[in-house]
Each structure stands twice: as C-alpha cells, then as structure tokens.
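Chemist: Sequence:
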Amino acid sequence: MLEEMKKLCLAAVGVAAITYDKTIDIINDLVEKGKITVEEGKELSEELKKNITTKAEVAKNKAIDMKPLTKDSVQDVLENLNLATKSDIESLKIRINELEEKINNK
Numbered sequence: 001m002l003e004e005m006k007k008l009c010l011a012a013v014g015v016a017a018i019t020y021d022k023t024i025d026i027i028n029d030l031v032e033k034g035k036i037t038v039e040e041g042k043e044l045s046e047e048l049k050k051n052i053t054t055k056a057e058v059a060k061n062k063a064i065d066m067k068p069l070t071k072d073s074v075q076d077v078l079e080n081l082n083l084a085t086k087s088d089i090e091s092l093k094i095r096i097n098e099l100e101e102k103i104n105n106k
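If you number the sequence shown the way UniProt numbering does, the last residue is 106 and the count never jumps.
Not one of these hints is a red herring.
Computed Cβ-Cβ distance ranges for the label pairs, DEER-style:
#, residue 1, residue 2, range
1, Q75, R95, 22 to 32 Å
2, S45, K86, 53 to 63 Å
3, K86, K62, 30 to 40 Å
4, A11, K71, 23 to 33 Å
5, N104, N80, 33 to 43 Å
6, A17, M66, 21 to 31 Å
7, I94, A16, 49 to 59 Å
8, M5, K42, 27 to 37 Å
Read the hints as simulated data drawn from the structure, not as lab findings.
Virtual Cβ for every residue (Gly too), placed ideally from N, Cα, C.
Given these sequences and hints, build the entire structure.
Modeler: What follows is the structure, encoded as structure tokens:
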C-alpha cells in the first residue's frame with residue numbers, strides 16, 4: 001500500500017512537471033507574440049513555480065505522514081464496522097442446526 005502511494009506521488013510530480021513545462025512554453029509564446037510583456041511572463045512563471053512547489057511539498061508531507069497498513073489497523077477498522085466474525089457465524093450455524101433439529105423432532 002505504501003509503495004503504491006509512493007508511485008502515485010511520483011506520478012503526480014511527473015504530471016506537475018509536464019504541466020509546468022507546457023505552461024512555460026505557452027507563456028514564452030505569449031511573450032513572443034506580444035500578448036504579454038517579458039516582465040509579466042517572468043511574474044507568471046515565478047507564481048506558477050511557487051504554486052507547484054508548495055503543492056508538491058504538501059503532497060510529499062501527506063505521503064510521509066501516512067502510516068503503513070497493518071493487520072492490527074485493518075482489524076480495528078473491521079471491529080468498528082461491527083461486522084459478524086467467523087465465530088459469530090459459526091455460533092449462528094450451530095444455533096440454526098439446533099433449531100432445525102427441534103422443529104424436525106416435533
């Protein structure tokens with residue numbers, strides 16, 4: 001599970017890098033066409049870089065803070081869901097068999 005989260009985070013970083021590169025290309029194109037000034041292009045690039053860096057750091061911290069899934073934690077979750085256990089089901093089977101015998105003997 002933890003390995004899958006790491007892969008997911010790496011994929012997200014890759015997507016962010018591609019998005020950043022494409023956005024920089026668009027900004028450069030806008031500057032070349034005179035739609036925005038060089039200074040505006042620099043500002044946009046810096047703002048984008050800052051946003052991506054911040055979001056990447058937040059994602060990284062969340063991934064680090066994740067606890068590995070253990071047998072005990074899964075059991076705790078299942079207990080909180082109040083599901084029937086194997087022993088509960090076995091007890092019910094025994095009780096059903098007893099009741100069937102009572103009915104059949106009457």
